[in-house]
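S.K.: Chain by chain, the residues:
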Amino acid sequence: MTGTGTGELLRVDRLTVALPTRSGYHKAVDGLSFAVDAGEVMGIAGESGSGKTMTALSLFGLLPHGARVTGSIRLDGTELLGLTSKQLRAIRGRQIAMVSQDPSTALHPILPIGTQLTEHMRYHLGVSKSEAASRATGLLETVRIPDPEQALRSYAGQFSGGMRQRIAIAIALAAEPRLLVADEPTTALDVTVQAGILRLLDRLCRERGMAVIVITHDLGVMSATAQRLCVMYAGRLAEAGPTSQLLGRPRHPYTRGLLDALPHPEAGRAPLVPIGGSPPSLGRVPAGCPFHPRCKYTQPSCTTDRPDPEPITDGHLLACPPDPLRAAP
Amino acid sequence: MTEGNTVLELSAVAVEYGRRGQRVRAVDGVDLAVARGEIVGLVGESGCGKSTLARAAVGLEPLAAGTVTFEGHDVIPMGRRRRPASLRGLQMVFQDPYESLNPRRKVGELIADGVRLGGGSRKDGLQRAAELLDRVGLPATAVDSYPHEFSGGQRQRIAIARTLATQPSCLIADEPISALDASAQAQIANMLGKLVRHADLGVVLVSHDLSVVRQVADRVAVMYLGRIVEIGDTEVVWTHPQHPYTEALVAAIPHADGAGILPVDLPGDVPDPASPPAGCRFHPRCPLVQDSCRELDQRLVRVAGREIACHIRSQN
Numbered sequence: 102m103t104g105t106g107t108g109e110l111l112r113v114d115r116l117t118v119a120l121p122t123r124s125g126y127h128k129a130v131d132g133l134s135f136a137v138d139a140g141e142v143m144g145i146a147g148e149s150g151s152g153k154t155m156t157a158l159s160l161f162g163l164l165p166h167g168a169r170v171t172g173s174i175r176l177d178g179t180e181l182l183g184l185t186s187k188q189l190r191a192i193r194g195r196q197i198a199m200v201s202q203d204p205s206t207a208l209h210p211i212l213p214i215g216t217q218l219t220e221h222m223r224y225h226l227g228v229s230k231s232e233a234a235s236r237a238t239g240l241l242e243t244v245r246i247p248d249p250e251q252a253l254r255s256y257a258g259q260f261s262g263g264m265r266q267r268i269a270i271a272i273a274l275a276a277e278p279r280l281l282v283a284d285e286p287t288t289a290l291d292v293t294v295q296a297g298i299l300r301l302l303d304r305l306c307r308e309r310g311m312a313v314i315v316i317t318h319d320l321g322v323m324s325a326t327a328q329r330l331c332v333m334y335a336g337r338l339a340e341a342g343p344t345s346q347l348l349g350r351p352r353h354p355y356t357r358g359l360l361d362a363l364p365h366p367e368a369g370r371a372p373l374v375p376i377g378g379s380p381p382s383l384g385r386v387p388a389g390c391p392f393h394p395r396c397k398y399t400q401p402s403c404t405t406d407r408p409d410p411e412p413i414t415d416g417h418l419l420a421c422p423p424d425p426l427r428a429a430p
Numbered sequence: 009m010t011e012g013n014t015v016l017e018l019s020a021v022a023v024e025y026g027r028r029g030q031r032v033r034a035v036d037g038v039d040l041a042v043a044r045g046e047i048v049g050l051v052g053e054s055g056c057g058k059s060t061l062a063r064a065a066v067g068l069e070p071l072a073a074g075t076v077t078f079e080g081h082d083v084i085p086m087g088r089r090r091r092p093a094s095l096r097g098l099q100m101v102f103q104d105p106y107e108s109l110n111p112r113r114k115v116g117e118l119i120a121d122g123v124r125l126g127g128g129s130r131k132d133g134l135q136r137a138a139e140l141l142d143r144v145g146l147p148a149t150a151v152d153s154y155p156h157e158f159s160g161g162q163r164q165r166i167a168i169a170r171t172l173a174t175q176p177s178c179l180i181a182d183e184p185i186s187a188l189d190a191s192a193q194a195q196i197a198n199m200l201g202k203l204v205r206h207a208d209l210g211v212v213l214v215s216h217d218l219s220v221v222r223q224v225a226d227r228v229a230v231m232y233l234g235r236i237v238e239i240g241d242t243e244v245v246w247t248h249p250q251h252p253y254t255e256a257l258v259a260a261i262p263h264a265d266g267a268g269i270l271p272v273d274l275p276g277d278v279p280d281p282a283s284p285p286a287g288c289r290f291h292p293r294c295p296l297v298q299d300s301c302r303e304l305d306q307r308l309v310r311v312a313g314r315e316i317a318c319h320i321r322s323q324n
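Respectively, the protein sequence lines represent chains A and B.
Offset between the first sequence (1-based) and this note's numbering: plus 101.
Offset between the second sequence (1-based) and this note's numbering: plus 8.
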């Protein structure tokens with residue numbers, strides 16, 4: 102294992118994912134670039150259909166059958182695109198692991214938790230059965246499952262939703278991955294349980310130098326955990342930068358719209374302002390800026406020119422050339 | 009604020025489930041009154057009994073004790089018989105708009121059913137359907153479409169239009185917006201608020217998302233393990249929660265301000281309702297716990313403009 106400290110761990114460059122549909126191939130992800138440093142939490146935000154999940158799946162080579170991928174995904178310098186399934190198996194679970202949204206379907210219902218925790222640990226790390234069992238106990242302690250010995254012999258159905266999600270995280274951590282991809286990890290959970298999981302992810306990053314990509318539409322969750330944020334719309338990057346800047350002074354009308362549409366403590370009793378319309382479906386992405394039909398600040402050029410993300414300040418990228426919120430308070 | 013025009017009244021309601029021969033009390037002695045023109049938010053962690061209470065309020069669960077009264081009529085549990093016409097004004101909106109609409113029937117027909125129940129003809133029904141769709145912000149042409157042609161948010165609007173067809177005076181909405189996409193959530197939440205003012209409806213909004221409840225509810229009731237632990241005006245409860253459980257819930261909400269502050273964790277899980285802790289039910293997780301909490305089972309008392317069930321806080 103190299104580079105456990107800081108420094109760039111993942112670099113995604115001009116990633117494009119085209120999915121086959123009845124009317125031909127359509128781009129679910131369109132020229133997306135971003136990087137994640139070791140020990141960092143990076144957030145990807147956007148509505149459903151914005152390409153967040155497809156981006157995550159492409160890291161694992163788990164895209165739907167027939168998907169066409171171009172661009173580059175480099176994990177610590179190794180190109181992941183084009184690897185054989187055998188080569189990918191050595192990376193999945195070992196180098197990068199995933200926690201999915203629904204803790205009730207992520208666990209096998211009729212295998213004991215212990216089996217699910219130790220299976221890939223033994224495969225990837227080659228540890229003995231007893232060594233794996235003791236590591237599994239330690240992992241369950243890390244994610245604060247009471248009575249871990251007993252839990253190893255229990256089944257998924259015997260745990261609450263929050264505990265199942267913590268077990269799913271323990272399984273993802275079992276082979277000590279360097280990058281954890283968490284796709285809506287707390288959306289199905291209560292706020293109190295969510296707070297526990299967010300604190301857990303934060304601690305793991307600091308203690309293990311693990312990098313995390315958090316995918317969610319909940320900007321509150323983003324604000325609490327992610328140091329940097331990418332806002333995606335229709336498969337493209339709308340805005341990216343340090344979370345404090347993006348949420349404190351959003352520059353893209355879509356980021357502003359997301360903040361105004363979601364109920365959150367800062368909004369007080371002000372009425373929610375929905376973003377009119379709905380995100381474009383696959384293959385119906387409008388010409389020009391994909392957000393222009395829903396944007397309050399549309400100008401003629403927005404309907405024809407497709408904007409690429411450009412740096413506006415250090416580390417802050419914006420794909421909105423008119424930049425109407427530049428002078429906003 | 010609920011005197012006079014109370015539309016739905018729950019009094020000492022208890023609901024039990026049988027589980028492996030044991031009786032489990034999911035809701036234990038809840039009093040709640042809903043007036044016309046107000047939204048009462050019902051919040052709490054999963055397993056606290058809020059959905060069970062909502063189902064009992066419309067007669068989908070038999071009561072183990074207590075009564076539910078809708079406009080002066082007893083709400084009798086749903087059986088095989090036709091529901092009495094006097095209860096037609098009490099309606100429920102379900103969580104999942106993908107499962108609550110029959111996929112093989114057109115939207116117009118689905119909505120017209122509500123009108124026909126009230127004695128209208130099929131033709132009246134289809135005509136009303138177009139009006140109702142307009143009221144929930146959908147084009148009248150949607151009557152000829154099938155539910156699958158709509159997004160989640162649009163389907164939830166259709167489901168709400170269908171309940172409005174019966175001209176209800178009280179709606180019970182069980183997590184109506186949690187299954188929806190971010191931008192659709194705001195639309196449905198705003199729409200519920202508008203409907204309440206315009207149609208003078210009483211609404212019980214069940215949600216695990218406190219931010220949503222704060223946004224639209226006039227009053228909020230916080231449930232823990234089958235009981236209401238704090239109830240009062242939303243703004244009062246939210247800005248100065250008194251019950252330690254409400255405090256923990258509010259502190260657990262992450263703020264979208266970019267400050268990077270982690271929300272506060274409430275350790276432990278909701279205990280098994282089959283064997284609730286003695287004394288105050290929240291005491292095993294409570295940061296203020298004292299010896300007396302293990303014995304004294306405090307009921308709701310008025311403190312600082314709202315009611316709470318905590319004897320530590322009600323002493324001071």
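Honestly, the hints are just simulated from the structure, not real lab data.
Quick caveat: nothing in here was measured; it's all calculated off a predicted structure.
Heads up, a few of these hints could be off.
Partial pick of chain A residues on the chain B-facing surface, computed with a CB cut under 8 angstroms [what the hints assert, rightly or not]:
hint, residue
1, T216
2, E220
3, L226
4, V228
5, S231
6, G297
7, R300
8, D303
9, L320
10, S324
11, G349
12, A362
13, L363
14, L373
15, V374
Calculated from the model, a selection of chain A residues having no Cβ within reach of chain B, i.e. all distances over 10 angstroms [said to hold, decoys possible]:
hint, residue
16, P210
17, Y256
18, D319
19, S345
All C-beta atoms, glycine included, are put in the ideal place defined by N, C-alpha and C.
S.K.: Taking the numbered hints from earlier one at a time, note which ones the structure violates and give those numbers from smallest to largest.
M.R.: Structure breaks hints 1, 2, 3, 4, 5, 18 and 19.
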